[in-house]
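Engineer: So you can see what is in the structure, the chains are spelled out below.
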Amino acid sequence: MKEIVVLSGKGGTGKTSIVGSLAALADKKVLADCDVDAADLHLLLKPRVKQETEFWSGQLAHIDPDKCTQCGLCQDLCRFDAIRDFEVDPVSCEGCGFCSHICPAEAITMKENLSGHWFISDTRYGPLVHARLGIAQENSGKLVAQVRQQARQIAGERNLDCIISDGPPGIGCPVISSLSGASLALLVTEPTLSGIHDLERVLGVCRHFGIPAVVCINKHDINEENSRRIEDYCLKQGIGVAARIPFDNAVTEAMVRGVPVVEYSDGGVSLEIEKLWRNIAGRLAAN
Amino acid sequence: MIISVASGKGGTGKTLVSTNLALSLKDSHKVMLLDCDVEEPNAHVFLRPAITGSEAVLIPVPRIDEEKCTRCGKCAEVCAYNAIAVLGDHVLTFSQLCHGCGACSYLCPEKAISEEPREMGLVEWGQADGLEFVHGKLTVGEAMAPPIIRKVKEHYNSDGVVIIDVPPGTSCPVVEAVKGSDFCLLVTEPTPFGLNDLVLAVETVRELNIPFGIVLNRAGVGDAGVEEYCRKENIPVLLTIPLDTEIARLYSKGVPLVEGMPEWKDSFVQLFDRIGEMVDERNRSLKR
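Residue numbers (the numbering used here), protein chains in the order written: chain V, 1 to 287; chain X, 1 to 288.
Just so you know, the hints here were simulated from the structure itself, not pulled from any lab data.
Computed from a prediction, not measured in an experiment: that's the story for all the values here.
Even glycine gets a Cβ: it sits at the ideal position worked out from N, Cα and C.
No incorrect hints appear here.
Listed next, the stretches of chain V that the computed footprint assigns to chain X, with coverage defined by at least 3 CB atoms under 8 Å from CB atoms of chain X:
| hint | stretch |
| --- | --- |
| 1 | 96-102 |
| 2 | 164-174 |
| 3 | 253-260 |
Looking at chain V on its own, in the form it has when it is part of the complex (with noise of 0.2 Å):
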């Protein structure tokens, strides 16, 4: 079974808009929105959900007011200023315990956190794992593990071979926990000087750890000059450049349709993510 994971480091490159596309095209797939934080596949695959199952996570500090002797320790020790007055701030509790651990009163309990809930769902592309953080939770990165363990479970029970992954902007803990493992990032990026900085970082964390990465130039003729700059990057990085999806405001009025733009326009846009696709499926038949 092949995992391709799609990131970009800087956000709006354009990843669910390709992600889209790309499970119209590929066969035999399961699809994984890994971007648990604000997660807009839906909007696109129009979901049918089949099962929907919390996710508890993580723990905070509840200090019962009558135990308490208002002695300050927990005050004292708490790294992350998340106990003022006596009472838990359950944005900055990281749920170390530390407090629980040390109460002379034993007035401090950690009490479970539902941070938020995953589904399975069936579009017209074939099983779609997706989940919703609760807001303002932690634990993003946990949550996307159980997002990927789901969507392996489906693809190993339904004989599929890929799962298609659309990832979270950044590069710290949810992308993290989006790539370990995958067998190809596909990395999206813009020709804007933020995007190729926001490539080279995220091509980083893709080399950090072993993870094989192909780059996709969206919207490259919006500045052609900065799409040389990043095929002449990727070339002395010996990373290939595996298509060049012009800018076209079909993608967009395919969005607010609520289809994959493969299936809305026939213009350059289309030709070139089937192609990205092509080229995709030949790297994952090879490795």
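Chain X: place on chain V using the hints.
Structural biologist: Chain X in isolation, oriented as in the chain V frame:
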């Protein structure tokens, strides 16, 4: 006055708004820009600051003194992050998982655990054309952004205008960057993805109880969903920036909008004035 610039969805124009707001105010106010998008900081691309200082962000991780350690397993039992394991005769530490809470060293009955610093990122500061500039950079391969964000925010100075560039999303790094702000600008675009993630961002700032308003970027694409939502929820749209090839071209080259198209400066000054009015109004209503 602390103004954070957040979005939910990535790539909607947070850095565009935060850098241009800072540049538009710098002649009339003391302005500081804190780039808290430590996973992918980009404000420096536009502001080109002269960096004058830097500091490593360190997290204290455990070091076990094998001589004193009796393999009792207390440390592994209290670690909430599975960063310590006792396997037979060995104590293994996984410093990448450690949050630096200090429970293991404090609770070790043999006092066999000391703490040593591990570098997970960098904070740099300097000047950019009359602005004070601070940003943080998470080291590539590291997972935890919040400690870097906390370190960037230690550079606050309260007597001027502080503008915070927030990472995308709605989870812990966003909360860490936004909390303590007087006002939060939410930058969005008029598309279904923009709307979906705006709703999440609105829930986040409401949870934090911070007054907020919208900047609508790339107006003219997509649909009317965002505007309808804002009307229904009574959320003010404080600035609208159209989809414009010249604006996109300047952005792609790393040229600030108010440098390439100086006529935009007034719009950002007016945006700041509106924010000031909204913050004053709220402070008055809180006093009542």
